[in-house]
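Student: In terms of numbering that gives the first Met the number 0, the sequence shown opens at residue 0 and continues consecutively.
Just to be clear, a hint being listed does not mean it is correct.
Label pairs and their in silico Cβ distance ranges [said to hold, decoys possible]:
(1) N99 - A34: 20 to 28 Å
(2) W102 - G32: 34 to 42 Å
(3) N99 - S3: 15 to 23 Å
(4) Y42 - Q75: 16 to 24 Å
(5) N61 - E18: 26 to 34 Å
(6) E84 - N45: 21 to 29 Å
(7) G86 - N63: 17 to 25 Å
(8) K49 - E84: 27 to 35 Å
(9) N63 - Y42: 15 to 23 Å
(10) E84 - G32: 30 to 38 Å
(11) P17 - L50: 19 to 27 Å
If you are wondering where the hints come from, they were derived from the structure by calculation, not from laboratory data.
Bear in mind the structure is a predicted one, so any value in this text is a computation, not a measurement.
Note that beta-carbon positions come from the ideal geometry of N, C-alpha and C, so glycine has one too.
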Amino acid sequence: MANSDFFEKVYEVVALIPEGKVTSYGAIAKAIGAAKSSRTVGYAMNACVKLDRDLPAHRVVNRNGVLTGKHHFPGQGVMQKLLEEEGLEIENDQIKNFKNYFWQPPVNQSFES
């Protein structure tokens, strides 16, 4: 699967994340049939912040609920602010009660290669 195809599949999943919920790089990787590619999902998320696309990139965090992608947003504290506006509480760059806000993406054949 070419990187651009992989990235597009990642973005399809990210577009589905409901407001007030978050998911992880690994959960997205599993949903698109590439379970061992969470790092590449991170690369896709880094690239999408620079694109002119309306994707909720702030809703993708690491498996522990840490805002690991925060440095890729323009301005300081943007990722945290966006999540707090959706009702999540953040402390020390980590989502409080992470499991309550976690969204498991559907493993869908249309995402898989």
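Student: Just tell me: holds or violated, for the beta carbon distance of E84 and G32 against 30 to 38 Å?
Tutor: About 32 Å separates the Cβ atoms of E84 and G32, which means 30 to 38 Å holds.
Student: K49 and E84, beta-carbon distance inside 27 to 35 Å?
Tutor: violated (22 Å)
Student: Could you tell me whether the CB distance from W102 to G32 stays inside 34 to 42 Å?
Tutor: Once the Cβ atoms are compared, 18 Å apart, the range 34 to 42 Å for G32 and W102 is violated.
Student: Could you tell me whether the CB distance from E84 to N45 stays inside 21 to 29 Å?
Tutor: holds (22 Å)
Student: Just tell me: holds or violated, for the beta carbon distance of N61 and E18 against 26 to 34 Å?
Tutor: violated (20 Å)
Student: Is it true that P17 and L50 lie within 19 to 27 Å of each other by Cβ?
Tutor: holds (21 Å)
Student: State, for the Cβ atoms of Y42 and Q75, whether the hinted interval 16 to 24 Å holds or is violated.
Tutor: holds (23 Å)
Student: With 15 to 23 Å as the target window, see if N99 and S3 comply at their CB atoms.
Tutor: Since the Cβ atoms of N99 and S3 sit about 35 Å apart, the hinted range of 15 to 23 Å is violated.
Student: Do the beta carbons of G86 and N63 sit within 17 to 25 Å of each other?
Tutor: 20 Å Cβ-Cβ, so the 17 to 25 Å window holds.
Student: Between the beta carbons of N99 and A34, is the distance compatible with 20 to 28 Å?
Tutor: holds (24 Å)
Student: Given the hint of 15 to 23 Å, is the C-beta distance from N63 to Y42 inside that range or not?
Tutor: holds (19 Å)
Violated hints, in rising order: 2, 3, 5, 8; the structure is consistent with all others.
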